Every structure is written in structure tokens, then in C-alpha cells.
Amino acid sequence: MSIIGLVTVLLIVFLAVFAPLVATHPKHASAFVDFANASSPPCRIYPFGTDVVGRDILSRIFFGFRFSLVMGVVVLALVVPPGVTLGLVAGYNQGTWLDTAIMRITDIFLAVPPLVLALAMCSVLTPNLFNAMIAVSLMWWPWYTRLVYGLASTLRNEFFVSSAEAIGASKAHIIFREILPNCISPIFTKMSLDVGWVILIGSSLSFVGLGVQPPRPGLGTMVADGARYLPDQWWISVFPALAIVVVVLGFNLLGDGLRDMFAAEEG
Amino acid sequence: MTTDILTVADLKKYFVIGHSGILKREPITVKAVDGISFGVREGETFGLVGESGSGKSTVAYTTIGMYRPTEGSISFRGRSLFDGNKERPLAIKKEIQIVFQDPGSSLNPRRSIKQILELPLQVHRQDENRLEQVVRLLEMVELPPDYMQKYPQMLGGGEKQMVAIARALATDPSFIILDEPTSALDVSIQAKIINLLIRLQNEFHLSYLFITHDLSLMRNVASRVAIMYLGKICEVAEAAEFFRNPYHPYTRMLLSSIPVISEEEEKLKPKKIISTGEIPSPVNVPTGCSFHLRCPAKLNVCSEVDPVMVEIEGQTGLARHTVRCHLYGQAG
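Here the protein sequences line up with chains A and B, keeping their order.
Start counting the first sequence at 0; every next residue gets the next number (numbering that gives the first Met the number 0).
Start counting the second sequence at 0; every next residue gets the next number (numbering that gives the first Met the number 0).
Chain A with its partners taken away, still in its complex shape:
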């Protein structure tokens, strides 16, 4: 199953990166009108049909992958370094005021549902992809802090940490050179599982109009565009929706595979 996940993810990345070359109608990715072919059902030229202004759904999905991947990658890039660092610092200093301060703040952030906060933020600020990413990032780091906190607070009692302390190594060395390398596998597993979730939330925001803005082809935006024409012109919504499913499923399968792989390595 994890191989399927890996293949799916690689395929999506390939399609996203080379979208202008792979897509049959690259111009359809932005503002483009072809009323002659509007709302065409799936056919040989338009395998997934066209939307109400005549744009090729399949081409737009390829470009939509770009926004999804950017969302996933940027959010994780923003979230993982601070989340992990805070978890390491709190875990290593377990039982001190620093631990209490970091972990209580983390708890407060964890208590807010990410989608709700993202909705609130994006409706106050300009709704666009950038603000959606910021909003999701703000809610996502505590999960990494939590994960790493648990690992670090166990690892700090290992004798190799005591040895480093007896030698007189700096706290920075102990946290980043002794403890962090032992947290890498769970962090990577969580990241690969999270990409799917972040993409899903990004698509949800796009669906309610707070993420990728038309005429750009966000997958969620496309689902929302076609929702009005259900069920008669079903292809406008259904194919982008299926694309979301495939992306999320691909990353989740890959994440499961990585977890099994790391578990086998540890055992």
C-alpha cells in the first residue's frame, strides 16, 4: 500500500511541476473563456469535461495540484522548525517553569480548532492563499511541540544525555545533537501524514472562498465553482473533488509506509 502512496505522491509532484507541459490546455489555468465549449461533458478532447466558461477541468486539476503542494510544503516548512524546537526545549527542561510556560501556551493553541481559526483569520484579512497558509501554520505547530516534547522528555533520561552533561556539553549541543537526531523518524512520519491534512484544510478554505482565489484553479475553489451545477453538470465538481481525495490518500499511505519502515528499523 505504501508503494501505491509513494507512486501517487511522485506522480502528483511530477504533474504539478510540469503542469504547463503536461496539461493539454495550459491556458485554461487562469482567466480564459471559450463559451462554445462551455459545460462540455467528458469527451476525447476534454477527458474530465469543461466548466461553465469552457475551461478544461483536467488541465486545471494539474495546476490545482501546484497550489495544494505549495500549501502543504510551505505550512510544514513554517510549522516544523519552531514546533520541534519548542518541544525539545520544553522536554529537555521538563519540570521547570520553561516547560510549564511552553506547554501551557501549546495547550491553548491546541484548544482552538484549526479550521475555525483559519476561517476567522482569512475573513478578517484579505482572503488569499498566503493568509490561509499563515492561519493554518499558526494552528499547526503545537502538534509538533507535543510530539517532540514526549520524545525529548524520555530521551533526556538516557545515559548518553547524562554523559554529555557530565562532559559539560552545552545545552544547545545536547538538545540539537544528542536528542534531536533520535526524534527524526517520528517527525518525518508525522510530516508525511500531515501534508495530506494540510492540503485538505487548504482545500476546505478554498471551497468556502478563503483560499485560492478565482480565476486560479485551486482544487477546493473548483469544487465550489461546480457545486451550483450539481447534479446535472456533475463533472465540474466531482473530478476536482476526486483529485483532492487522491492527493490526501497518497500522502496518508506514504506516511503509513514511512511509519512502518521506521518502526521496523527501531525494532
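Just so you know, the hints here were simulated from the structure itself, not pulled from any lab data.
There's no promise every hint is true.
Unchecked claim - Below, in silico cross-link-like pairs of lysine-lysine (PhoX-like), each with a Cα-Cα straight-line distance of 25 Å or less:
1. K113(B) <-> K85(B)
2. K85(B) <-> K149(B)
3. K113(B) <-> K93(B)
4. K85(B) <-> K170(A)
5. K170(A) <-> K191(B)
6. K113(B) <-> K191(B)
7. K170(A) <-> K113(B)
8. K113(B) <-> K11(B)
Stated by the list, open to error - A short, non-exhaustive set of chain B residues, derived as facing chain A with CB atoms under 8 Å:
9. K92
10. S104
11. L106
12. N107
13. L118
14. P119
15. R124
16. Q125
17. R166
18. T170
19. S215
20. L216
21. P295
22. L298
No experiment lies behind these values; they were computed from the predicted model shown.
Positions of the beta carbon are idealized from the N, C-alpha and C atoms, including for glycine.
Go by the hints and put chain B onto chain A.
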């Protein structure tokens, strides 16, 4: 007259493990170490022996600085190791190093042997050529230089322990705590590690605090031996005196339970004393002498009054011999 390099004075380490009562919150403590004093002399091996749960590892961990003492003091060359809440200075950390029992846990699985051995060099000797130093450290513990590139999990238990010893030597210390350095290893490797430790001690004039539950090992290794029972020291003596002429009933029990092969060895042992019972929980320390529940020579006073350390004339000449038992009164 040799001087003490490490002095432990009335050291107590209690751990709070919970609270009793709902309104009156009385802390429940484990008295892991309950008032022990001893000195380790320059260049000697001081053997601290006890069953598991006797608090001997707590002494090691407190000395290296993993715990702060509840009461009492530890000083190194006359300088206290616990100066308020301040971090121990690097100059003292350099002098005192430790080898832990389980080399599997004391070496970071994600760091190569080279990285592991480089750390103390980075911290303590910035100017020298590190690669050369790492090779030299590996040579000291009889490992080939190409082990540098390996990771701990590629090594056997004995080899890992050798790396741990090399790491302890890397700061060029004068005092090393050996916390059961051989008890996690195969018997065939134990002798090799012990010989290595003795050779290194002579070569670098090291002082050892050797913590173990293996009393027979101490006969060959230690200059002096102390027996610990439930956080307290029962008896301290020069090794030769200790094995020939044990006073404390607990020591006799331990010595008589060492398995031996030859008749001559059997003759050296005190007469057979059957070991009874097990070490009680240090949460609920018996009143009086903590050993009285298992003691074959129990007096009435033993269950009420905790005996104090007294010095008695050793039978092997000038050897000092101290024991904590009511059988040997103040008169000695």
C-alpha cells in the same frame, strides 16, 4: 599519608515519590542514600558494594551531578561540588567522569564513535588535533582506529563499553566513577574490561569509585571496600582486611554466599551463614538497625536503636576498619 581526592560527608538523597493524606500533604520519600560518609584516596580504587536498591547508584549519580544532595556534601580536592544552585564549573567536570552500567544506553545510537569521542575534546581541549586524539583514545582502549566511522549499534557490548571508557578518558580526568561497568557484559569480556581499567589506572594515575554488586570482583580490584545496605554504609575496610576479617553480619552473609570452586577458597570464607529475606523497600525502612530483620546475630537493641559507625582495630595490622553494628560497642 595519602589524601582524599573525593570526600563524601553525611550525604543524604531522598526522592519524593508521592504524598500521603488528602488535607495534610505529607511527602512520601524514598531514602535512597541516608547519611553516608567516605573518602576516596588519590590513586586508589574504592569499591562501593551493595544489592540492587541499596542506593549505590544514587551515590554515583549524585557525585557526577545528575542529582543534588538532599543533605550533606561531596567535595573534590577540598572543593564542594554543589555550590548553591550554580552549574558545576567545566574545570571540575573535566576532572570527574563516569562510565555507566549499560553501554547500549550511554552511547547515542545516532552518533558515530568519532562524534562521540570528539565531544569531550571539543569541550575541553580546543587547540589540539582532534582526529589524532580520537585515534589515540581508541588505541588506549585497544580498539582499531577504523572504529571511528562505526555507530554504536554495530559494536558488541564489550566494545561499546570500551568506547564509553575512552570517552570518560577524553577529558583527561583524575577521578572516574565506574557504575557497574561490567555487569551488563558477558563474563568472557568482563575480565578484559577489568584488566583494561586497571592498566589505565596505573598509566594515568586515576582514582576510581567502583560501584558494583559483585563482591568477589572487588577482591582483585579494590584497595578499600565499603558495603552499602538500604542507603547506609555498614562496613568499610582495606580490601585485604575486609575479605579476611569481616565484622558486620551482613558482610559475612554476603561473603559466605559467594560461590567458590576450590577447597582453599572455601576455607577463606567465613562460616556459612544462610542468607534470609531480601532487602526491604527503602520507602519503609525498618526502625533501629535497618538490617535487623535479616540479621542472624540480632540483639534486642537492634530493632530500636540505629547503630553508629565505630572504628575497630583491624586484625591485619594497621588497617583501619569501621563497622556500624551493635555487636561492636563503642569500646571497640
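How the hints compare with the structure:
Between K113(B) and K85(B), the direct Cα distance comes to roughly 31 Å. Violation of the 25 Å bound is thereby established for this hinted pair. With a C-alpha separation of about 37 Å, the suggested pairing of K85(B) with K149(B) is violated against the 25 Å cut-off. Distance check on the hinted pair: K113(B) and K93(B) sit about 19 Å apart at the alpha-carbon level, within 25 Å; holds. With a CA separation close to 15 Å, the supplied pair K85(B) and K170(A) stays within the 25 Å bound.
For a cut-off of 25 Å, the pair hint linking K170(A) to K191(B) is broken: about 35 Å separates their Cα positions. At roughly 23 Å between alpha-carbon atoms, K113(B) and K191(B) fall within 25 Å of each other, so this suggested pair holds. Simply put, K170(A) and K113(B) have alpha-carbon atoms about 20 Å apart, close enough for the 25 Å limit, and the pair holds. Between K113(B) and K11(B) the CA atoms are separated by roughly 38 Å; this puts the pair beyond 25 Å, and the hint is violated.
Hint status for K92(B): holds, given a least beta-carbon distance of 4 Å to chain A, under 8 Å. A distance limit of 8 Å between C-beta atoms decides the matter here; for S104(B) the minimum to chain A is near 4 Å, and the interface restraint holds. Annotation: L106(B) was flagged as interfacial toward chain A, and the flag holds, the nearest CB pair being 6 Å apart, inside 8 Å. Look at N107(B): its Cβ gets to within about 4 Å of chain A, closer than 8 Å, so that hint holds up.
Hint status for L118(B): holds, given a least beta-carbon distance of 6 Å to chain A, under 8 Å. The beta carbon of P119(B) is positioned within 8 Å of a beta carbon in chain A (closest approach about 5 Å), and the interface hint is therefore held. Nearest Cβ of chain A to the Cβ of R124(B): about 12 Å, over the 8 Å cut. The hint is violated. For Q125(B), the shortest C-beta to C-beta distance to chain A is roughly 13 Å, which exceeds 8 Å, and the interface hint is violated.
Checking R166(B) against chain A: minimum C-beta separation of about 7 Å stays under 8 Å; hint holds. The criterion of a C-beta within 8 Å of any C-beta in chain A is met by T170(B), whose closest approach is roughly 6 Å, and the hint holds. For S215(B), the interface hint is violated, the least distance from its beta-carbon to any beta-carbon of chain A being 26 Å, above 8 Å. With a cut of 8 Å, the hint placing L216(B) at the interface with chain A is violated, because the nearest CB-to-CB distance is about 21 Å.
Because the closest C-beta pair between P295(B) and chain A is about 38 Å apart, greater than 8 Å, the hint is violated. Below 8 Å, beta-carbon pairs count as interface contacts, and L298(B) has none with chain A, the closest being about 42 Å; its hint is therefore violated.
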